[in-house]
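A.B. asks: Top to bottom, those sequences are chains A and B.
Using numbering that gives the first Met the number 0, the first residue of the first sequence is number 0, and each one after it goes up by one.
Using numbering that gives the first Met the number 0, the first residue of the second sequence is number 0, and each one after it goes up by one.
No lab work stands behind these hints, which were simulated from the structure alone.
We put the CB at the ideal spot given by N, CA and C, even for glycine.
Errors might be hidden in some of the hints.
As the list claims (entries may be wrong) - In silico lysine-lysine, DSS-like type, Cα no more than 30 Å apart, as pairs:
hint : chain 1 : residue 1 : chain 2 : residue 2
1    : A       : K215      : B       : K10
2    : A       : K225      : B       : K45
3    : B       : K117      : B       : K155
4    : B       : K35       : B       : K45
5    : A       : K225      : B       : K121
6    : B       : K102      : B       : K7
7    : B       : K117      : A       : K237
Stated by the list, open to error - In silico contact screen, one side only, chain A against chain B (beta carbon under 7 Å); selected entries:
hint : residue
8    : P54
9    : H60
10   : S110
11   : C111
12   : N112
13   : K129
14   : D150
15   : F153
16   : S154
17   : T214
18   : K215
19   : A220
20   : V228
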Amino acid sequence: MPIHEKHLIRPENIKSHDKLVMDGIDISGHWSTFIETRVVKDYNESLQDEIAALPGGEYVHRCWQCGSCTNACTVNAINPDFNPRYWIYLIRMGMESELLRDKDIIWQCVSCNKCTYVCPREVAPEGVMKATAHWLELKGHTPQSPSTIFDDVFSTQVIETGKIEDSLVVRNFFQRTGQSLTQDWLIEMVKRMVAHLPVKMLMALGIATVLRPRTKNWGGARDAIKEYVAEQDAHHRKALGLESLVEMAKLEAAAPFKQAAE
Amino acid sequence: MTDNRAEKYKKVAYYPGCALEGTGHAYNRSTKEVGKALGLELEEVKNWNCCGAMEVKNVDPKVQTYLSSRVMSQAVNEMGHSVVMAPCNGCYHNLKKAEFELKNEEGTREVVDRISKKAGHKTYQAGEVETIHALDWIKHGIGEEGLKKKVSKSLKGMKVANYYGCMYTRPRNIFPEKDKGPGTESTSQPHFMDDLLAAAGATNVDFPLKTACCGGAHTLSDSDMSTKLVLNILKAAEASGANVIATECPTCHTGLEMHQIRAEKRFGVKTNVKILYFTQLLGMALGLSAKKVGVHENMSDSFELLQKQGLA
Ligand code: SF4
Ligand code: SF4
Ligand code: SF4
Ligand code: SF4
Numbered sequence: 000m001p002i003h004e005k006h007l008i009r010p011e012n013i014k015s016h017d018k019l020v021m022d023g024i025d026i027s028g029h030w031s032t033f034i035e036t037r038v039v040k041d042y043n044e045s046l047q048d049e050i051a052a053l054p055g056g057e058y059v060h061r062c063w064q065c066g067s068c069t070n071a072c073t074v075n076a077i078n079p080d081f082n083p084r085y086w087i088y089l090i091r092m093g094m095e096s097e098l099l100r101d102k103d104i105i106w107q108c109v110s111c112n113k114c115t116y117v118c119p120r121e122v123a124p125e126g127v128m129k130a131t132a133h134w135l136e137l138k139g140h141t142p143q144s145p146s147t148i149f150d151d152v153f154s155t156q157v158i159e160t161g162k163i164e165d166s167l168v169v170r171n172f173f174q175r176t177g178q179s180l181t182q183d184w185l186i187e188m189v190k191r192m193v194a195h196l197p198v199k200m201l202m203a204l205g206i207a208t209v210l211r212p213r214t215k216n217w218g219g220a221r222d223a224i225k226e227y228v229a230e231q232d233a234h235h236r237k238a239l240g241l242e243s244l245v246e247m248a249k250l251e252a253a254a255p256f257k258q259a260a261e
Numbered sequence: 000m001t002d003n004r005a006e007k008y009k010k011v012a013y014y015p016g017c018a019l020e021g022t023g024h025a026y027n028r029s030t031k032e033v034g035k036a037l038g039l040e041l042e043e044v045k046n047w048n049c050c051g052a053m054e055v056k057n058v059d060p061k062v063q064t065y066l067s068s069r070v071m072s073q074a075v076n077e078m079g080h081s082v083v084m085a086p087c088n089g090c091y092h093n094l095k096k097a098e099f100e101l102k103n104e105e106g107t108r109e110v111v112d113r114i115s116k117k118a119g120h121k122t123y124q125a126g127e128v129e130t131i132h133a134l135d136w137i138k139h140g141i142g143e144e145g146l147k148k149k150v151s152k153s154l155k156g157m158k159v160a161n162y163y164g165c166m167y168t169r170p171r172n173i174f175p176e177k178d179k180g181p182g183t184e185s186t187s188q189p190h191f192m193d194d195l196l197a198a199a200g201a202t203n204v205d206f207p208l209k210t211a212c213c214g215g216a217h218t219l220s221d222s223d224m225s226t227k228l229v230l231n232i233l234k235a236a237e238a239s240g241a242n243v244i245a246t247e248c249p250t251c252h253t254g255l256e257m258h259q260i261r262a263e264k265r266f267g268v269k270t271n272v273k274i275l276y277f278t279q280l281l282g283m284a285l286g287l288s289a290k291k292v293g294v295h296e297n298m299s300d301s302f303e304l305l306q307k308q309g310l311a
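Between the sequences and the hints, there should be enough to build the whole structure, so can you do that?
C.D. replies: Listed below in structure tokens is the structure:
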């Protein structure tokens with residue numbers, strides 16, 4: 000059975016019977032052939048366009064479902080539910096609710112680009128994964144994933160100063176994701192890192208974290224980038240119809256008060 | 000290809016990138032030392048900026064392209080260089096990608112031009128510089144024969160698994176000079192590092208995961224995934240009979256070191272294979288001391304092995 004029919008035999012769609020006799024034959028047990036009749040009614044016809052409007056998703060329409068991406072995928076080898084080809088199918092078909100079932104793992108793409116390397120249609124599936132994760136967050140289906148928090152922390156520092164300093168990025172990231180900096184393996188790592196270092200160098204490293212590296216005369220570039228990013232952000236929100244969603248949410252939130260007043 | 004590269008690569012603009020100023024310091028040090036020993040000159044790009052690594056593109060890919068274009072603009076317009084050498088896979092990849100996009104995409108050219116003008120510097124034009132990796136630099140600047148002549152301490156007895164990671168070969172379209180037949184780099188079976196280390200006397204093992212991914216993009220945000228991916232690499236290297244993994248990127252290198260420790264601490268899986276930058280191995284073969292090429296700055300402690308081999 001092609002995987003794109005897989006949703007029909009998801010665990011919740013399988014019927015199981017403790018005691019079922021039909022025409023005198025005991026057929027108790029789990030039956031994956033006992034599929035609940037299911038009609039997909041909730042197509043989002045603009046799903047493909049929405050993904051294509053976000054960076055990386057531009058070429059999703061080219062996919063012809065060969066499956067090479069999933070076959071080559073690094074994450075799929077560890078978690079078989081991570082299936083780029085299937086998600087691209089759902090996006091192209093507009094099957095939003097099916098896509099949402101996997102919303103908590105899509106961000107796990109490690110950007111290894113093995114999919115992009117093998118794709119015969121130049122879909123750039125890696126980009127589609129990023130666009131989809133981005134879409135899930137913009138639409139409020141998922142909270143910000145650790146991965147996008149990292150992108151933010153990192154990008155903010157580059158845009159502000161022109162350079163990054165790894166220990167600061169790490170510290171800010173741990174802070175924003177609420178992780179402790181005193182995890183056993185981190186401590187072990189630092190211990191081994193400093194094991195052979197002369198005192199002079201340790202001092203220098205200490206100083207490096209006080210004197211943040213920055214690119215000279217970066218101000219002009221910083222302002223120009225910020226202006227452009229703000230424009231793009233507004234553009235993406237518009238493409239996803241987020242403004243009207245916000246309006247709808249406001250109306251809905253106001254509704255109970257109206258009822259109470261009546 | 001008409002080969003004037005030995006001449007061209009004698010003196011190049013050097014883009015170390017942020018990682019080489021931080022966790023990848025040993026790579027910076029050993030790259031410079033090897034250059035000196037081989038008579039290849041490096042001139043650091045003036046007032047460079049970060050290329051955005053793997054992160055900025057997720058915020059906006061065109062901003063990432065701009066970041067790389069500014070580095071290349073500095074090299075050509077402020078210093079008059081036509082070759083930029085980047086030893087970090089991330090930097091190398093991003094500069095190549097920027098070159099590709101500026102050549103092929105009108106929209107990107109417009110955004111880059113607009114930001115460059117506002118930032119107050121000359122817009123980089125596609126084709127003004129050639130971006131190369133540290134591997135290209137040594138392979139074409141000196142070559143195996145040239146290297147052999149300068150080796151004073153053979154790496155004999157070192158069994159090396161050469162690890163190239165993702166960004167050095169993928170995606171293929173941004174590396175038009177690869178996969179062009181004999182003498183060029185292969186994107187499926189890269190061999191430049193193998194070639195150089197073999198010339199220095201090392202034995203390269205048959206290592207199947209040369210271009211596997213270590214999960215570097217999520218090294219902190221999805222650490223268990225990265226640890227699993229790194230363990231695959233470490234175990235495969237050990238199974239191939241390697242006693243050392245040679246790396247050519249600070250991110251890959253740190254990823255392997257960090258998750259080797261994490262695998263031990265979190266999952267109780269210990270691996271013994273050592274991790275060294277290829278420039279550290281080459282440096283020692285050229286007679287430089289282990290300290291000089293920064294072996295003491297690595298997390299992976301390889302002194303015992305190096306002493307046994309008479310290298311440290
Ligand atoms: S880039 Fe992402 S989707 Fe593509 S192969 Fe790698 S992990 Fe899988
Ligand atoms: S490899 Fe490309 S064409 Fe094939 S299924 Fe994946 S995205 Fe579609
Ligand atoms: S890829 Fe890494 S090392 Fe290179 S400039 Fe960007 S952050 Fe710095
Ligand atoms: S191997 Fe790891 S660090 Fe190296 S390029 Fe791939 S993900 Fe990045």
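A.B. asks: Decide, hint by hint, whether the structure agrees.
C.D. replies: Status of each hint after checking the structure:
Distance restraint check for A/K215 and B/K10: the Cα-Cα separation of roughly 25 Å lies within the 30 Å cut-off, and the hinted pair is therefore satisfied. Between A/K225 and B/K45 the alpha-carbon distance is near 23 Å, which keeps this suggested pair within the 30 Å criterion. Proposed proximity of B/K117 and B/K155 is contradicted: the alpha carbons are some 55 Å apart, above 30 Å. Of the pairs offered as hints, the one joining B/K35 and B/K45 holds, with about 20 Å between alpha carbons and a cut-off of 30 Å not exceeded.
Distance restraint check for A/K225 and B/K121: the Cα-Cα separation of roughly 19 Å lies within the 30 Å cut-off, and the hinted pair is therefore satisfied. Pair hint B/K102 plus B/K7 holds up; C-alpha atoms about 23 Å apart against a cutoff of 30 Å. Of the supplied pair hints, the one linking B/K117 and A/K237 holds, its CA atoms being roughly 26 Å apart against a limit of 30 Å. For A/P54, the shortest C-beta to C-beta distance to chain B is roughly 5 Å, which falls under 7 Å, so the interface hint holds.
Taken as an interface hint, A/H60 does not check out: its beta carbon lies about 18 Å from the nearest beta carbon of chain B, beyond 7 Å. Checking A/S110 against chain B: minimum C-beta separation of about 4 Å stays under 7 Å; hint holds. Residue-level restraint check for A/C111 holds (minimum Cβ-Cβ distance to chain B is 3 Å; threshold 7 Å). Using the Cβ-Cβ criterion of 7 Å, the hint placing A/N112 at the interface with chain B is satisfied: the shortest such distance is roughly 4 Å.
At its closest, the beta carbon of A/K129 sits 5 Å from a beta carbon of chain B; the interface hint therefore holds under the 7 Å criterion. Annotation: A/D150 was flagged as interfacial toward chain B, and the flag holds, the nearest CB pair being 4 Å apart, inside 7 Å. Interface restraint check: A/F153 against chain B, minimum CB-CB distance 4 Å, threshold 7 Å, status holds. Interface restraint check for A/S154: the shortest CB-CB distance to chain B comes to about 5 Å, inside 7 Å, so the restraint holds.
With its C-beta approaching chain B no nearer than about 4 Å, A/T214 sits inside the 7 Å limit, and its interface hint holds. For A/K215, the shortest C-beta to C-beta distance to chain B is roughly 5 Å, which falls under 7 Å, so the interface hint holds. Given hint, A/A220 at the interface with chain B, holds; its Cβ is 4 Å from that chain's nearest Cβ, closer than 7 Å. For A/V228, the interface hint holds, since its Cβ comes within 7 Å of a Cβ in chain B; the closest pair sits about 6 Å apart.
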